[in-house]
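Peer 1: Residues per chain, in single letters:
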Amino acid sequence: MPLRTPPLRGAHDDRGASFTDFGGWEMPVEFDSIKTEHVAVRESAGIFDVSHMGEITVSGPDATALMQRLVTNDVTALDVGDSQYAMITDEDGVVLDDTVVYRLADESDATAEDDGESYLFVPNAGHDEEAYDRWTGYRDERGLDATVENRTEEYGMFAVQGPEAESLVTAAASDEVADLSRFEARWAAVDGVDCWVARTGYTGEDGFELIVPWDETETVWAAFDCQPCGLGARDTLRIEAGFLLSGQDFDPEENPRNPYEAGVGFTVKLDTEFVGRDALARAKEDGVDETFVGFRLTERGVPRHGYDITNADGDRIGTVTSGTMSPTLDEPIGLGYVPVEYDDPGTDVNVVVRDRPKRAEITTTPFIDQ
Amino acid sequence: MSFDVPDDLGYMESHEWARNDDGTVRVGITDFAQDELGDVVFVELPDVGDDVAKDDEFGVIESIKAVSDLYAPVSGEVTAVNEQLFDAPELVNEDPFGEGWMMEIEASDPGELDDLMSADQYRKQVE
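Here the protein sequences line up with chains W and A, keeping their order. Per the numbering used here, the first sequence starts with residue 1, numbered consecutively. Per the numbering used here, the second sequence starts with residue 1, numbered consecutively.
Treat the hints with care, since some could be wrong.
[What the hints assert, rightly or not] Facing chain A, a subset of chain W residues (Cβ under 7 Å, in silico):
no., residue
1, Ile34
2, Lys35
3, Gly232
4, Val302
5, His305
6, Met325
[To be verified] Listed next, the stretches of chain A that the computed footprint assigns to chain W, with coverage defined by at least 3 CB atoms under 8 Å from CB atoms of chain W:
no., stretch
7, 34-41
8, 64-78
If you are wondering where the hints come from, they were derived from the structure by calculation, not from laboratory data. It should be emphasised that the depicted structure is a prediction, and the values quoted were computed from it without experimental measurement. C-beta atoms are modelled at their ideal positions from N, C-alpha and C, and glycine is treated no differently.
Using the sequences provided together with the hints, build the complete structure.
Peer 2: As C-alpha cells, this is what we get:
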C-alpha cells in the first residue's frame, strides 16, 4: 500500500529532513538532530508536522450520545472549546486507541451544524479509518442521528511546543490565543488562515496544536520561525513526559491493556455508559496485576522497546515498552509494565540489554519537571 | 550531501574505517555512518587484551534512534580502546576520524588490510 504523505512532504524534503513510515504515513523523523530538536523544545520552541494524526468530526442531534458511547471520558463535561483526553476501548475494556476529544465551536464553516453539539476527535496515525468505521457502525446499529466525517486528509496538524510557544503563536495569530488554558481551544486566524488552535500537546511543555486546512498548511508552517522537529524528538520528549504511545506502550493485539494498567484510569468515567464500561468497572473493583511505570538505568546502556525487565533473582517480570537516552537528563530512561508489587518508586529491577541485565530503578513519571 | 572520506584509510561495507600504522590498526566508523545514525549516545567496546576476528562483531554503537553492531576490519588483539567515548559518545559525531576512534588492534595478519575498500571504492558505495 502506498504511504500517505503529509501536505508539506516536499517542503520537509527541501529542508533536509529524513523520513520514516509512521502508521502508514511518510513523516519527517529528523530535520537537524534529534538532540538539537529536543533541546529546542525544552528551552525555546519547536514546530512539529503531525499531519499523520486523524481528524474526525461528529455532529448532529445525537452527536453527544454517539461520542459518549465510544469514549471512556464524559464528553458532556465539555463546554464549547474544551477538550479532554480519552480512551477508545472494546467490550473487554482493552484500549484500542487514545484520543483527544474537542467540543467544537459552531461558528466554523467547516463544521457548522444547526442542531446539536459538534465534536472533533483525533485518533492516532493510521487509526482514522478504523475509528470512522467504528463510529458509523455504532451510529447505524443504534439508529442515531449523527454525521460522522473523516477529515484526516482535509486538515494538516502542527504542534508548536516549548516555553516560547505562546509568544510565537500569539505573534502569528490575529485573534487572541494567549488566554487559552490547557485543553482549551478556539478557531483563530493564523497568518490569515482559520485554524483550530488548541492548548494541547505531547511534549510535556506548554504549547499549542493547530489544525490547519490542508491546502494552507504551507502558509501556517511558514508563520513560525522556530526549530522544525521530527518524530524522533517527539518520541524522546513524550517519553520524558511519561506519555503513552499508541501501538507501542499499548496495542490491542500485541500488548492489550486496560486504562488502569496503562496509568490512565483518570480518563474512565464509570458513571457514563460506554463500550467496555462493565469490564472496566470490574477491573477497577478487582484491581490490576500489572501497572505502567517509569524507570531509569543506573548502569550504562540504553533500554529499548521489547527488552525484558527482571527482578533481583533474574526472573522475567515485565517488558520495556519505550526507552531512550534522555537528552534532558543525559541518562537512560524507559517505560514499561511490571507487577504491582514492583511498582513503588525506588524498587530495584533489571533491564536486560542484549542478554546482559543492567541495574534499574522504578521512578515516578514524568521524568522531567512540568 | 557529501561526506568526508580520507584517502589514507581502508573501509568496510559496514562503514568502519581502518588506519594502519605498522600493523597497529586504529578503527572507527565513517562520517557517513555517524550521519546516518544521528546522535550517538552509547558505545560498547571490547576490553584491552581481547582477541577479535576479521568481520566479526567487536562492539555496539547506539544513537537515539538506532542500534548497530560494529565489525572488525582485521583479526588480532585489542591493544587500546577509546575510553573517552564511554563518557562522551558524541565524539563519534563530532570527529569520527579523530577523537571519535574506537579501538586499536595489533593485526595478526596485516595482509587482511588488502581486502578493505579504498577511499574511492567507499565513496562510490555511499554517494
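Peer 1: Check each numbered hint against the structure and report the violated ones by number, ascending.
Peer 2: Violated hint: only 5; rest satisfied.
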